[in-house]
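Turn these sequences into a full structure, and let the hints steer you where they fit.
Residue numbers (my numbering), protein chains in the order written: chain A, 1 to 404; chain B, 405 to 698; chain C, 699 to 1024.
Hints may be right or wrong, so weigh each one.
To be verified - Covered by chain B, according to a simulated footprint, are these stretches of chain A (three or more residues, beta-carbon under 8 Å):
(1) 198 to 210
(2) 243 to 250
(3) 377 to 383
Since the hints were derived computationally from the structure, they do not count as laboratory data. Heads up, the beta-carbon is just placed ideally off N, CA and C, and yes, glycines get one too.
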Amino acid sequence: MKRNNKIISLALAGIFGVATCGLAHAQISGDVVKIGFLTDMSGVYSDIDGQGGAEAIKMAIADFGGTVNGKKIELVTADHQNKADNAASHAREWFDQQGVDVLIGGTNSGANLSMAKVAVEKKRPFISIGAGSARLTNEECSPYTVHYAYDTTALAKVTGSTVVKQGGKSWFFLTADYAFGASLESDTTRVVKADGGTVLGDVKHPLGASDFSSFLLQAQASKAQILGLANAGGDTINSIKAANEFGITKTMKLAGLLMFINDVHALTLNLTHGMYLTDSWYWDKNDETRKWGRRYFEKMKKMPSSLQAADYSAVTQYLNAVKATGTDNPEKIMDYLKKAKLNDMYVKNGYVRADGSMVHDMYLMQVKQQADSKYPWDYYTVVQTVPGEQAFTTKEETKCALWK
Amino acid sequence: MEIFGVSSQALLSQLMLGLVNGSFYAMLSLGLAVIFGLLNVINFAHGALYMLGAFCAWLGLTYFGLNYWEMLVLAPLIVALFGIVIERTMLRWLYKLDHLYGLLLTFGITLMIEGVFRSIYGVSGQPYSVPDALAGATDLGFMILPNYRAWVVLASLTACFTTWFVIEKTKLGAYLRAGTENPKLVEAFGINVPLMVTLTYGFGVGLAGLAGVLAAPVIQVSPLMGSNLIIVVFAVVVIGGMGSIMGSIVTGLGLGVIEGLTRVFYPQASATVVFIVMAIVLLIRPAGLFGKEK
Amino acid sequence: MNKKICYGIFLLALLVAPFVMYPVLLMKLLCFALFACAFNLLLGFTGLLSFGHAAFFGGAAYVTGYAIQTLGLPFEVSIMLGTATAALVGLLMGLLAVRRQGIYFTMITLALAQMFYFVCVQVPQTGGEDGLQGVARGKLLGLLDLSNDFTMYYVVLAIAIGGFALIVRTIHSPFGQVLKAIKENEPRAISLGYDVDKYKLLAFVLSAALAGLAGSTKTTALGLASLTDVEWTMSGLVVLMTLVGGLGTVIGPIVGAVLVIGLENRLSDIGEWLANVTTIEWFRTLGDSASIVIGFIFVVCVLLFRRGIVGEALAFFAKSANRKPA
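The structure is reproduced here in structure tokens:
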């Protein structure tokens, strides 16, 4: 019996050892410029960024020639499934074990906020593309975070004030119950009140909710004029569909506070015409954007959203910075980015501010009527160009300690 | 008109929605109760099979051009068949063991089914449109009710009461109930109990598949639609009394309505109210409202 | 005698491990191993299947995170607070659940845990969908700085070993014998005069507290607490770990935890390797399908390997021992 106990224990120790050895890795050498891209690849935000964003980044790497300063450029991607803890653990492991040099954050503000915290801890650059929450450049601002494409402040100031000025004085919010929704609702509330409007209430829905009917009925009971949709992606699509189904649109007007071209495409112009939205880029704006948009269309069979274009641009600008400084040292890169003028098909005369915002023009656009749309994906008219200094947080409003 | 500080419009509209949700709870908990009553197995896979029914409808429409009405008949049959295969190949080996193994097996099956669909379709839903005959809405005065939702309530009530009638009032149902009490004795009478068990499992999951097809136009056809629902359905079954047919129907509808009411007066609690009711019922009547102490 | 030598070898391996493997992953493994062992105390040794252990694990995780971040309490106090909370939740749940047997007990724990989940979603202190992030580790007893991964690892190791030792002690104590008796034949235990409900409740609370300890430690090790920790899928995961490792064995849950977490972590790599070896491209997507693989293992274990890896190994060696001449 004693001998067998020994055999058993040794055998088990053996199994244990083999199993755990499989988990050991070797450190990757630093001879490569590694880009890490973490986004939602399978959930409600997978269309507006997701796999398309990864393709856009690959285009950027290919356009750059595949190498910078003689080092090969590599890309690792992962799906955080809209879970902040997934994002944080991937980010941590990438920085610790895989030698990732820069982290690109896709969608989901909660995930981006947690990625930003890890990047600050590890002192590496973090470029947030898909997140909306303005907290990234206010309460959570850091010398390593760049908030690249848009934020909830810009959306609120541009769409929010336009709708109020058009007569939409009383609001009710349908809010996605996490960092982004909360940010968007509070920023828009501030703008609405400042412009003389009132907010009659709000109802929060879980991210990725399947049935909006009860939330919408609560909204309708408030008798507000405007239903502010403080959500995005699949949630916005479902809210608008359900609002039409339950006749909510007969008594309330819908304000889609964050909408992308993929949402309009899914809903069709019939359900969305006349809606105002704020975005940082449109594929049909000028020849340069059209050229890139068509290249993207060849690969993905749909037109790119502003986030996918921003992924391309951010990586291009990062690689430019690496080339110009001759190194991938984080502090030197961040320094360079904050001094350079950024120009490419996505942004003209953009610059990174002390609080981390990449300041650039935002566009107020309106969805066309079906009759005015001449070709596939011809969805928007550009109503107004708002300079970045007006759209984003101003120095008086900022809560960032780095920009005082 | 105001009742307790809330407009009657809001109250009635949420009650209506609650009835629709309750219909789903009733159908799903009925299937679970039937399976538990006869097989003594908690079919954790019920949610996944409900999702399977919805996906069958969607796949049928997308790839084979089969419309809603055809899938309404076909999908439950496909799901029932799938269930029969599961029962024959896997579940039946576990009857001699502790009932918990049945639960664990069906849990594993759930993970697999949901995992397969999730890896193919992601987690956001596939849209499924309402069939033309049921499209449009009726203005009920206090709300605009999409016709389809009224149909859901009708269809599920019909399915539930038909099942109840068959089990409680017909000879086939009598055999089923006898088989639950004393399988050996019933077998001695020449009735093929194993076959009956298999068919019962198939029927129970077929009900889940039917619920799935009914649900497809209402909520998104998504791989997670079952797991969002299944735990609430378990709570319903516990409240109603596990194994009681009438219990699950009444409790299912009742809880849907209670949930709707909670949404009007105290929306934050609407997700937990079912479990609070369960805790209260367990303290007063541990066997459930309609259950018998086993 | 030999058992001690083997435990010694194990310990040595664990002490050296952070130099070969990623310490944060090791810490995660230790926390989950403790969680699985705590769960096994209830399932393997008392015969009660709880499908709601995520409430204890996640609840303690949140409390500890909140204590460190918002209340500014030191490391040890936060962990103790988390563990105590888990014990309290365990007591409340247990009082309701223990009255019923078998399947009913399981259903009740599942439903109560789900209620706890929804409460966690609503309560603002948990950060809702975002969870608690960037939880600092602080200092141990105000002296030892824990931000270094290596230092933290040894602290986590000490906690895990402490919890494990407590479980082993409990199993071999008179109390543990009564639990085993209840598992084997409850009516007989009642007829012998034992207040079965009290024993079950005590086992439940103990299991909950240790699961809470695992959760609290996890928060400090990984720096986050989120809704994933209180979801019912987490409860299912710990059942799987225990089942795969071996119910009713002492080290089974540890093996199970290592296997399951290791699998989750390395699935994409395994998928790549399988794809290259068998040239079936679908394997490359295996990384996204952790639940399919886990579900498959679950089904196989329930049908064929009910005793789990360790259980089957022990049975195999016992059989071959019987065949040898005495």
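Hints versus structure:
Against chain B, the stretch 198 to 210 of chain A contributes 3 residues with a C-beta closer than 8 Å to a partner C-beta. That satisfies the three-residue criterion, and the hint holds. For the stretch 243 to 250 of chain A, the assignment as covered by chain B holds, since 4 residues bring a beta-carbon within under 8 Å of that chain's beta-carbons and 3 suffice. Taking a C-beta to C-beta cut-off of 8 Å, the stretch 377 to 383 of chain A contributes 0 residues in contact with chain B, too few for the three needed, and the coverage statement is violated.
This entry does not satisfy hint 3, going by the numbered hints stated previously; all others are met.
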